[in-house]
Every structure is written in structure tokens, then in C-alpha cells.
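> Residue 1 is where the sequence shown starts when you use our numbering, and the numbers rise one by one after that.
Accuracy of the hints is not assured; some may be wrong.
Claimed, not checked - Below, in silico cross-link-like pairs of lysine to aspartate or glutamate (EDC-like), each with a Cα-Cα straight-line distance of 16 Å or less:
no.	residue 1	residue 2
1	LYS97	ASP86
2	LYS211	GLU227
3	LYS179	ASP127
As the list claims (entries may be wrong) - Here are the simulated distance ranges between beta carbons:
no.	residue 1	residue 2	range
4	VAL273	SER483	53 to 61 Å
5	SER268	ALA337	33 to 41 Å
6	THR486	ILE324	27 to 35 Å
7	HIS208	LEU230	42 to 50 Å
8	ARG466	GLN204	37 to 45 Å
9	ILE324	SER268	44 to 52 Å
10	HIS208	ALA170	46 to 54 Å
The set of hints was computed from the structure by calculation and includes no laboratory data.
Since the structure is predicted, the reported quantities are computational estimates derived from the model, not experimental observations.
From the three backbone atoms N, C-alpha and C, an ideal C-beta is built for every residue, glycine too.
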Amino acid sequence: MQTLESYDRIPYESRPVTDSHPDILAVLGRWFGLDTQAPEACRLLELGCASGGNIIPMAFHLPESEFVGVELSVAQVEDGQAMIRDLQLSNVQILHKNIMDVGQELGNFDYIVAHGVYSWVPRPVQDRLLELCATLLRPNGIAYVSYNTLPGWRLRGMTRDMLLCHSRDARSIEERLDKAQQMLGFLSAGLQGRPGSSIQWLRQEAAHLQKAAPSYLYHEYLEETNEPLLFRDFMERAGSHGLQYLADAELHSMFPSTLGPEVAELLSGFEDVVEQEQYMDFLRLRPFRQTLLCHADRRLERDIRLERIGEFGLLGDLTPRDKIDLSTTEPLSCVSADGVNYAVSHPLTKASIVRLACAFPNALSLAQLGEDAKELVREMGGEAFAGEQDAWVSELFSLYASGGLQLTTRRQQFMNDVTERPTATALARTQARWGTGVAASARHASVELDDFAALLLERLDGTRDRGQLVDELTGVVGEGRASRETVAANVERLLFTFARHGLLEG
């Protein structure tokens, strides 16, 4: 099989998929009325788990839960199993299996994840995947399935058609990648200075793919199977297996108001949530979805009750761009760690951003956050706003729905400062030693590691103080390439970053 060979030869990048974490799924399920299983005591199955970059960090941080991964690529299975042995984890296993051969022998699960699989396998495998979601999910379980969607993916499909045409005579995977890069270079040069929005988009896409990881370029644009489909067609297939639409992993995409008041008015006439979602896809030209499914016999609550935010812990890491004024409703611009901009106006929300950033990656209850925010607002002259609970909760929910804040059901606390002899978690040190290029944060995000960051992280075993770390790394890097002062500055910067992501322990 050409596809199987390509995944053995060019392993797919295996890293945390934040939106597939059982904590994220549990929260979303509860918003819509599902009594979801707590992430600390759940069973999760990942279909097409590659080398376990998604489920191994889950297993490390949730030792009382059980994780099972299924993967067809022998090379990736062996890599994942080796890391599990290295970490001595007993609550996760990666099985060499074809999805077509998976059955009830694995038991039932609270969560099933299939990320980057559905669009990239033949139709019989797609049908089997949905069948497994229906038969292996527990009554209040949630399945996460990602796939390419029409009509938005047709733009990327245009690029795929060009790359496949140019590489049609390639005799090997490596030659096909080389020819794809030739074509991308041709497009970048040939479209230079040409007018038109479509030309501009194609130029940007070509530039992006020239820098992309070979695994992404090959498996997304050069693989033999890549079937995008309409959301309504996907849901028709899911419905035939007794599954219904629960939500999208990107909650903000479910609100017509994000498209503007005029569009929201147009969409208000749709009573069927699937039809409404489909027409929003048309307006957004959406190319990709992360759909959450549940059993069709579950009664869902489609009306969001804002007071339910008090059932969860809140966490966030937003950095204000301007001076914070807690005595007015003057909008405050903030930016997330991944560069997304947000704006808030209520003084209690502004104060909450400050308090949550100090606690991150730990969460605060709504009650604790409210007390802290009120105290800050009163101290800064905003007494008149301190009692406006409803406006504050509404703005907090808007931030959550748009991705500016996270909600959590977990009570686990993480260390977020740096000791004199810093110690990284066994997971982080193992990922650095293995050269994965990323470390999984405490909140299941990817922390990118360059060579220097990996060298530092490997050495954080608690036996070296900061001065010793600087001395050792200066010797490794070499005085001719970086002074001790430069190394020391980088060490301090990275230690702060590691602490902010919960990679350190006491």
C-alpha cells in the first residue's frame, strides 16, 4: 500500500491536539447537557494515533485514566511503544491495528478521537470509523472527528491538483516531495506581482508550503486519498450510524453573531442546527472541521445558560497591550501566547485577565476570581462596576467562546515558578531527549523546542542550579558562538517559559 509506506517513511508529526483533550471535550459536553465523564477517571481511544504524541501526554498527566491508541504504521507504533516504556506508563497502550479490524475487544470508551484520519482514508474505512464511534462510545460519550470540508477546501484542492500533476511521474516519495517543492517555487516566482485576490491567496499558500514540514506537505497534498466533503453530508453519514451533532471543538464558530448582525438575522431562520452550520460554512469558506458527535438518543440543551460557567475552573494567559484602566469601560486590547488579539471592556473582566495570567497554568474558580477582581477594581477606583456580575460573566463567556480563556473540570495544580535547582517533568525531559521538537504543556499545548531549549530541558533533573546550567550550556554551545551572558539570558527566558507552561515540578 502506497499510503502505508508513506506513513512509515515520512511519519506524521505526532504532537498534542489541544482540542481533543478529554477535559476540553468534557466541558463542551456539559454546556450542551451531557453528563460527561471526568477526565481524571476516563477511558479514551484514539484511532490513527501515530506515535502517541497526543495520548502519551494525556496518560502522563491523568494517571488514573486509561488510553488506547490504534495505528497502522509499524514504525510509528514502535516509536510510541518505546516512549511509553521509557516513561514507565502503565495506563496507555498503542496497538498495531487496522481500523477495519478494531472491535468490541477493546471495550467501551468515554471519548474517541480521530484527528487527521477521516478525509485521508477510503470510504469503507470512513464508514467503519463512524461505526466504531457508535458501538464503542459509552452512553454519554463524545467522539471527536476532524476532516476537510467543502466548499472551503476547494482552494487547497486547487494547490493539490497542481502538485499532483507536476509530481505525477515521480518514482519515490522523496522525488515526489522534490517535485512538489519545484512546483511551489514555480508558483511563487510566476505569480509575483500578479493582481487579484485568488492569485494573492495562491502565492501565500505556496510560500507557506515551501516552509512546511515534509510530513504535512506530503500527507495533505500528495497522498493518494484526500476526500473533503460538505458538513451536512458528513452528518448524514454519522446519523446513519446513530450519532448526532453535539458541537464544534471551536465553540465560537457555532455562533452566527460572529459573522455580524445582518448575517445572524439571515441565519436565524434555520431551525435545524446542521443546516445552520452548513450555511455558515458556505459564508466562511471553511476548509476544516473538528466535529464532536454523541449518541442520537441523548437529549441536548441548545440554549447556552451563562450561569453554568460557575461549574468550571477558569484559566487564561492574555497579555494586555495597553495600560489597564479599571475605572472605566474603555476597551482593553490583549494578545494570547499564539498571537490572537482580543478586546474586553468591563473593569471586572480586565482585572480577571490580570489575575488569571498570574495564576496560569492553574485555574481559578469563578467565585475566587470574582472576589479577586472586585478587590482590584475597587482599589483602582472602579467601585461603581464592582457589583455588575451579569455583565462580567457575559464577557467572560464571550472570551471563552472565542478562545481567549479556557474552562476546565480538573482541580490539579501545577508549579508555575522557577526554583534554584529547576526540575522538569519526566515527560518534558523525555520529549526533549527524543528530539520530538515539542514538549507537551500541562494544558496539552505544544511548546516548540529548538536545539538549545531541548538541551536545557534535558538537564533539568534537579541536580544543577542555574549557574551550573549556564556553565554547562556555555561549554556545549561554545564560547565562540555565544557568550556566557547570552547563554544566561536565554536560560532565564526559557525557564520562565517552561514554568508558564507547567513543564516544571517541585
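> Give a verdict on every hint.
Here is what the structure says about each hint:
Our distance criterion of 16 Å between C-alpha atoms is broken by LYS97 and ASP86, whose separation comes to about 22 Å. For the given pair, LYS211 sits about 24 Å from GLU227 by alpha-carbon distance, which is inconsistent with the 16 Å threshold. For the hint pairing LYS179 with ASP127, the CA-to-CA distance comes to about 34 Å; that exceeds 16 Å, so the pair is violated. Evaluation of the 53 to 61 Å hint for VAL273 and SER483 yields a pass: the beta carbon distance comes to about 60 Å.
The hinted range of 33 to 41 Å is satisfied by SER268 and ALA337, whose Cβ atoms lie roughly 35 Å apart. With their beta carbons about 33 Å apart, THR486 and ILE324 fall inside the hinted range of 27 to 35 Å. HIS208 and LEU230 have their C-beta atoms about 25 Å apart, which leaves the hinted 42 to 50 Å range violated. The given range of 37 to 45 Å is respected by ARG466 and GLN204, whose C-beta atoms sit roughly 42 Å from each other.
In this structure the supplied range 44 to 52 Å is violated for ILE324 paired with SER268, their Cβ-Cβ distance being about 37 Å. The given range of 46 to 54 Å is broken by HIS208 and ALA170, whose C-beta atoms sit roughly 22 Å from each other.
In this structure, the hints that do not hold are numbers 1, 2, 3, 7, 9, 10, in rising order.
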